[in-house]
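Chemist: In case you want the letters, here they are:
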Amino acid sequence: SQQGEEDPQALSIQEGENATMNCSYKTSINNLQWYRQNSGRGLVHLILIRSNEREKHSGRLRVTLDTSKKSSSLLITASRAADTASYFCATAGVADKLIFGTGTRLQVFP
Amino acid sequence: DTGVSQNPRHKITKRGQNVTFRCDPISEHNRLYWYRQTLGQGPEFLTYFQNEAQLEKSRLLSDRFSAERPKGSFSTLEIQRTEQGDSAMYLCALALSAIYGYTFGSGTRLTVV
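Chains A and B are the protein sequences, given in the same order.
Here our numbering is used: the first residue of the first sequence is 9, the next is one more, and so on.
Here our numbering is used: the first residue of the second sequence is 2, the next is one more, and so on.
Treat the hints as calculated values from the structure; they're not laboratory data.
Certain hints may be false.
Stated by the list, open to error - Only some residues are given here: those of chain B computed to face chain A with a beta carbon under 8 Å:
1. Phe46
2. Glu57
3. Tyr103
4. Phe105
5. Ser107
6. Gly108
A virtual CB, placed ideally from N, CA and C, is assigned to each residue, including glycine.
The shape of chain B in the complex, shown without the other chains (with noise of 0.2 Å):
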């Protein structure tokens, strides 16, 4: 149990289909962190929310891209038109504030064939 929730684990979807993830926190943390990792490389930050406000998003998170996080508990990434190069690992990290450190979530892994 990391204190993060993150569903599914394992998705395959078509490609031109969309997809939605969940992360769900067991314990309060004012920021959630979406983070996006190819195989072999490290996380790369999508986007981060303070409680239900969406601070800061990447130029990595394209307009197919929209993330949630209602009430400012749990978040959903949704990804619309999937297309191959969205093929990664989802990672939804929880902290007081990224000085302190982060607790990652166990990650959903995208497939899109």
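Okay, chain A solo, but in the shape it has when bound (with noise of 0.2 Å):
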């Protein structure tokens, strides 16, 4: 079962251009991660963030996590086409397991 949804479910920007998306998810978490994956290929980590963080930055991403709206965001500053992908968030809570999102499928144009 999925945790939650991820909003929006598809976006295409520019390269240059900060995209965003979001995920909800529904029970209490550990900590939660995002993941990144090429057409037909296994996920790669990003970044994680811990239920007592706020906001966590590596390189070009800035995750932020809301625990009391069971809200997380990850933005990419600075859009290249090369992060053209589909991004996933997961959340690991009491269970030895990930819980994965939707995904938003990001399309980043020259």
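Fit chain to chain and form the complex, with the hints in mind.
Modeler: This is the structure in structure tokens:
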């Protein structure tokens, strides 16, 4: 089963613009993680934010977490054509497994 | 090289046939997870192992599915009497623990015709 939903389902932007995608989840969490998936490939871990953190940065990535609203956002700044991929949030809770969202498909045009 | 090798990359099979996928960790990790991903959806949990012990199975894993991890190293996922609804990408992932994040393989794409 999916933990929650991501919004938007699809996003198209020009190179250099920022891309923001949102994730909502349903249960209490230990942490929330973001993954990237290129077409037809496995997922790659991007960044992890703990439940007691509100914001985290990694290069051009910025993640926020609002546990009161059970939501997170991923911001990719100064996007590049190579950022074209699907992005998934995943929550780690009591059970030792990740529950993934439905994903946002990002298309960055040169 | 993701640290996880999955074979085959693609498998086309006729409905009713049995198929087996293999996941080979390149590095040592206690936990090995199997997920299934259909087009346009996120990965859905199937099962996971801690060493050779299978600790949890999803309700998605019907009795036609079986997974093993002998000796706590590589793992196999078998689907018996395949159905068209089994068509999906099957992903293997490794972790010290889910809270630290997964390392995924490239997946095996199954098409049942």
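Chemist: A separate judgement is required for each hint: does it hold in the structure or not?
Modeler: So, going through the hints one by one against the coordinates:
Interface restraint check: B/Phe46 against chain A, minimum CB-CB distance 5 Å, threshold 8 Å, status holds. Of the supplied interface hints, the one on B/Glu57 holds, with its beta-carbon coming within about 7 Å of a beta-carbon of chain A, less than 8 Å. With a least beta-carbon distance of about 6 Å to chain A, the hint placing B/Tyr103 at the interface is held under the 8 Å criterion. The closest approach between the C-beta of B/Phe105 and any C-beta of chain A is roughly 4 Å, which is under the 8 Å cut-off, so the hint is satisfied.
The interface hint given for B/Ser107 holds, since its Cβ lies 5 Å from the closest Cβ of chain A, which is under the 8 Å cut-off. With 8 Å as the threshold, the beta carbon of B/Gly108 comes within range of chain A, its nearest partner Cβ sitting at about 5 Å, so the hint holds.
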